[in-house]
Amino acid sequence: MVADDTTLLPVDRHTLAVLVENKPGVLTRIAGLFARRGYNIHSLAVGPTENPRVSRLTIVVGAEAHLEQVVKQLNKLIPVLKIVELDATESVQRELQLVKVAATPETRSQIIELADVFRAKIVDVDHDSLTIEAAGNPGKLQAMVELLEPFGIRELVRSGTIALSRGSKSILDGSKVRIQSVS
Amino acid sequence: MQVTGAQAVMKSLEELGVDTVFGYPGGAILPAYDPLIEAKLRHILVRHEQGAIHMAEGFAHATGRVGVCIVTSGPAATNLITGLCDAMMDSIPVLAITGQVASQAIGSDAFQEADVTGISMPVTKHNELVTSGERIAGAIKEAYHIASTGRPGPVLVDIPKDILNQQVEWHWPDHMDLPGYRPTVRGHGKMVREALDLISSSSRPVIYAGGGIVRADAAEELRTLATQLEIPVVTTLMARGVFPETHELCVGMPGMHGHYTAVQALQQADLLVALGTRFDDRVTGHLPSFAPSAKVIHVDVDPAEIGKNRVADVPIVGDAKVVIGQLIKAAGERGAAARPSASEWRTHLAAMKQAHPLRVDQPTSGVIKPQTAIRRIHETWGDDAIYVAGVGQHQMWASQIIPWSRPRQWINSGGLGTMGFAVPAAIGAQVGDPSRQVVAIDGDGCFQMTFQELACAVQFEIPVVFTVINNGYLGMVRQWQHLFYNDRLSEVAIPQDSPDLVKLADAYGIPGFRAAAIEELDAVLEKAAAVTGEPVIVDIRVHPDEMVFPMIPAGQSNDSIVESAEEWHARQAAAARDEEVEQRPEVAEQRELDDAGRPKTDLAGGGVA
Chain A
13 MVADDTTLLP VDRHTLAVLV ENKPGVLTRI AGLFARRGYN IHSLAVGPTE
63 NPRVSRLTIV VGAEAHLEQV VKQLNKLIPV LKIVELDATE SVQRELQLVK
113 VAATPETRSQ IIELADVFRA KIVDVDHDSL TIEAAGNPGK LQAMVELLEP
163 FGIRELVRSG TIALSRGSKS ILDGSKVRIQ SVS
Chain B
731 MQVTGAQAVM KSLEELGVDT VFGYPGGAIL PAYDPLIEAK LRHILVRHEQ
781 GAIHMAEGFA HATGRVGVCI VTSGPAATNL ITGLCDAMMD SIPVLAITGQ
831 VASQAIGSDA FQEADVTGIS MPVTKHNELV TSGERIAGAI KEAYHIASTG
881 RPGPVLVDIP KDILNQQVEW HWPDHMDLPG YRPTVRGHGK MVREALDLIS
931 SSSRPVIYAG GGIVRADAAE ELRTLATQLE IPVVTTLMAR GVFPETHELC
981 VGMPGMHGHY TAVQALQQAD LLVALGTRFD DRVTGHLPSF APSAKVIHVD
1031 VDPAEIGKNR VADVPIVGDA KVVIGQLIKA AGERGAAARP SASEWRTHLA
1081 AMKQAHPLRV DQPTSGVIKP QTAIRRIHET WGDDAIYVAG VGQHQMWASQ
1131 IIPWSRPRQW INSGGLGTMG FAVPAAIGAQ VGDPSRQVVA IDGDGCFQMT
1181 FQELACAVQF EIPVVFTVIN NGYLGMVRQW QHLFYNDRLS EVAIPQDSPD
1231 LVKLADAYGI PGFRAAAIEE LDAVLEKAAA VTGEPVIVDI RVHPDEMVFP
1281 MIPAGQSNDS IVESAEEWHA RQAAAARDEE VEQRPEVAEQ RELDDAGRPK
1331 TDLAGGGVA
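Residue numbers (the working numbering), protein chains in the order written: chain A, 13 to 195; chain B, 731 to 1339.
Certain hints may be false.
To be verified - Which stretches of chain B does chain A cover? Using the computed rule of at least three CB atoms under 8 Å from a CB of chain A, they are:
1) 844 to 853
2) 905 to 913
3) 1022 to 1035
Unchecked claim - The list that follows gives simulated cross-link-like pairs (lysine-lysine, PhoX-like), each with its CA atoms no further than 25 Å apart:
4) B/LYS1099 / B/LYS1233
5) B/LYS1059 / B/LYS920
6) B/LYS1025 / B/LYS1083
7) B/LYS1257 / B/LYS1233
8) B/LYS741 / B/LYS770
9) B/LYS1099 / B/LYS1083
10) A/LYS84 / A/LYS35
11) A/LYS112 / A/LYS133
12) B/LYS1038 / A/LYS94
13) B/LYS1059 / B/LYS1025
14) B/LYS741 / B/LYS871
15) B/LYS871 / B/LYS770
16) A/LYS88 / B/LYS1038
17) A/LYS84 / B/LYS1038
18) B/LYS920 / B/LYS1038
19) A/LYS35 / B/LYS871
20) A/LYS94 / A/LYS181
21) A/LYS84 / B/LYS920
22) B/LYS1025 / A/LYS84
23) A/LYS88 / B/LYS871
24) B/LYS1257 / B/LYS1099
25) B/LYS871 / A/LYS94
If you are wondering where the hints come from, they were derived from the structure by calculation, not from laboratory data.
Note that CB positions come from ideal geometry on N, CA and C, so glycine has one too.
Looking at chain A on its own, in the form it has when it is part of the complex (with noise of 0.2 Å):
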């Protein structure tokens, strides 16, 4: 029942790592090119890299729009400095969830031993519930959910899919895109 580490994205998805540059607008400019494409976004992850001048989205995309296009289209985003598809075998896939589930005493420590076996953690308690912290690809978090259920759950949220491809290779390996750091 456990979903295993390497559980597979679903099928009908892409997952794209968009290395920008950290400007003002890049975001919306993303944001915008996808909507008036017409294409799906489903996740959307944006964060800081090891480079203070790049910043690095994770894009999930549903199969149905046409990546070639999709990618081309980025690419041509002033800001857009590097985009690689990240192949769901080939990469570490990872969104965070918080849960707040419904708790009495009767239940309290059945949650937390289901908490235990996806390596999940107890991030707050009151009398009636429990947060729990888990971290996983999304097959695992949706399993997760699934079990929780039963015990009612408040409040879910959960973050858009980051990754990085296995490997020592990092994404600017082979490339031609030259960032300098802020020294």
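Given chain A, put chain B in place with the hints provided.
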């Protein structure tokens, strides 16, 4: 050296070699208009900001250089949007500088505030809100570079008023920080070889040349390639003139209102050599039935165009001039073996061209047919002039009829189809290339959208000839209502005599002439041609019933091309008969079909344009 941000703007433009800006002052851009007085820049004061951006486009079209316009914040900047979008669609290098409210007021709904970088994002190649005085030079240098390289396009730089007033240390950056912008120039060698393999093994090849040939200044290379390999050429609306219309290999313009032979050439080809073109819907018609048996070599500087509408068998990303140069060189090395065996194909197309000329039925007295007017306009001002059109019937006729002979001879709004383009774009082109006469061929609908710029042409003595093909209708819309809405004309009539264009010319203090009958046309054009040093208006009253043919109804296959109104009506009648026949099968009649499987009809209408 300490300068203000505004001075930095002027110095940056001077550093870039800009000598002309089209603009309109206002609140937020005021600081820039002060150092403008001393700057080595010619400022053309427009009457509406849309005029400024279309003039910048016309300037860029005519010269190949970046057209620059400068306007204030809010409504001035939003008035640029149509022109930015137009430049985006037709890949015109334009730099727009807009004033913005002071930094601390941004986001407060201040007077004349608009989120200009936000609004213009989808219609610019790039834009930037400048956030410090030190950034001005770099922002303008990068904007100019982005506008003019790769696939050209409009770039907007938005500068808040306080930044224009800031004191900065002047420094012209020697390098640009654009790590994400690296247009590919040279084609992949392997792809070039594969392209040649496809070309030499083809028997019905066509070069499908687009506006990219103009942008890349590749007309000479195109001519060399086509003649070296003896491949017929079609030139799109944006590429008219890149290959001489009178050349034996030229088969004309493809598309919705293209020449019959050009449309058929694409449909029947076994290979399309697509150069700087984007398989636009106006060329392909119903995409799945477009050029059904053709393989495709697609050369474009924009990788996103390759495979967007039509899969390319050989994709080549690169600058058209460079890639065609590579093709010429590689073909030269292969010698005669590179040449496809296409002599039968060329003979076939030549015969088709003979059999399917454009048709105009011009009476010898009375009404002027618009096609005749346009032909006489060309005969009057000749091949050396630059012709600028608006959008609609007159544009299609001009593109079809004039025997284009060189690139940048024909300026029009293709992708966006911007009515009102001609008046300001013609002014911009005339400013950019004073050595040539610029002649606007406009429609009466289009003309009234932007004719306020006549005042600008008068004030700066910009001697454009404005001809108006005046049929008293929004002609193209009327044509569609006639053909597809059962002639139920809805809101397309505009009075032919109001405004009175001759009196309008008088109001602007310039000569104006009118030709209302064919007998008057030549004399009127001669009088207009004799005017020098100032703009002139020529009102040509034409027959309102005339329609643009050939025509491929929107969304239909190119195979359903219709060559004349008579053929259209005959087909409609035949379809109605067929319906009747279906209901009464006993009266079914055998109708003779022509080689395209269409019912043969007698085509009335005499002369040939």
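How the hints compare with the structure:
Here's how the stretch 844 to 853 of chain B fares: 4 of its residues keep a CB closer than 8 Å to some CB of chain A, so the rule of at least three is met and the hint holds. Interface restraint, the stretch 905 to 913 of chain B with chain A: holds (5 residues with C-beta to C-beta distance below 8 Å; minimum three). Against chain A, the stretch 1022 to 1035 of chain B contributes 3 residues with a C-beta closer than 8 Å to a partner C-beta. That satisfies the three-residue criterion, and the hint holds. A C-alpha spacing of about 24 Å is found between B/LYS1099 and B/LYS1233, which places the hinted pair at or below 25 Å, so the restraint holds.
As the CA atoms of B/LYS1059 and B/LYS920 are separated by approximately 14 Å, the hinted pair is consistent with the 25 Å bound. Using a Cα cut-off of 25 Å, the hinted pair B/LYS1025 and B/LYS1083 holds, with the two alpha carbons roughly 23 Å apart. At roughly 17 Å between alpha-carbon atoms, B/LYS1257 and B/LYS1233 fall within 25 Å of each other, so this suggested pair holds. Taking the CA atoms of B/LYS741 and B/LYS770, the gap is about 9 Å. The hint holds against a cut of 25 Å.
Restraint check for B/LYS1099 and B/LYS1083: satisfied, since their Cα atoms lie roughly 23 Å apart, inside the 25 Å limit. For the hint pairing A/LYS84 with A/LYS35, the CA-to-CA distance comes to about 21 Å; that is within 25 Å, so the pair holds. Between the alpha carbons of A/LYS112 and A/LYS133 the distance comes to roughly 12 Å, so the proposed pair stays at or under 25 Å and holds. Only pairs whose Cα atoms come within 25 Å are accepted, and B/LYS1038 paired with A/LYS94 is accepted, the gap being roughly 20 Å.
Of the pairs offered as hints, the one joining B/LYS1059 and B/LYS1025 holds, with about 22 Å between alpha carbons and a cut-off of 25 Å not exceeded. Restraint check for B/LYS741 and B/LYS871: the C-alpha separation of about 11 Å stays at or below 25 Å, so the hint holds. Distance hint between B/LYS871 and B/LYS770 is fulfilled; the C-alpha atoms sit about 17 Å from each other, no more than 25 Å. Taken as a hint, the A/LYS88 and B/LYS1038 pair is honoured in the structure, with Cα atoms around 14 Å apart against an allowance of 25 Å.
Straight-line distance between C-alpha atoms of A/LYS84 and B/LYS1038 comes to about 10 Å, which keeps the hinted pair within the 25 Å bound. About 22 Å separates the Cα atoms of B/LYS920 and B/LYS1038, which keeps this hinted pair within 25 Å; it holds. Between the alpha carbons of A/LYS35 and B/LYS871 the distance comes to roughly 18 Å, so the proposed pair stays at or under 25 Å and holds. A threshold of 25 Å between alpha carbons decides the hint, and for A/LYS94 with A/LYS181 the separation of about 15 Å falls inside it, so the pair holds.
At most 25 Å may separate the alpha-carbon atoms for a hinted pair to count; A/LYS84 and B/LYS920 meet this at roughly 21 Å. A threshold of 25 Å between alpha carbons decides the hint, and for B/LYS1025 with A/LYS84 the separation of about 22 Å falls inside it, so the pair holds. Note on A/LYS88 and B/LYS871: the hinted pairing holds, with a Cα-Cα distance of about 19 Å set against a maximum of 25 Å. Only pairs whose Cα atoms come within 25 Å are accepted, and B/LYS1257 paired with B/LYS1099 is accepted, the gap being roughly 20 Å.
Of the pairs offered as hints, the one joining B/LYS871 and A/LYS94 holds, with about 23 Å between alpha carbons and a cut-off of 25 Å not exceeded.
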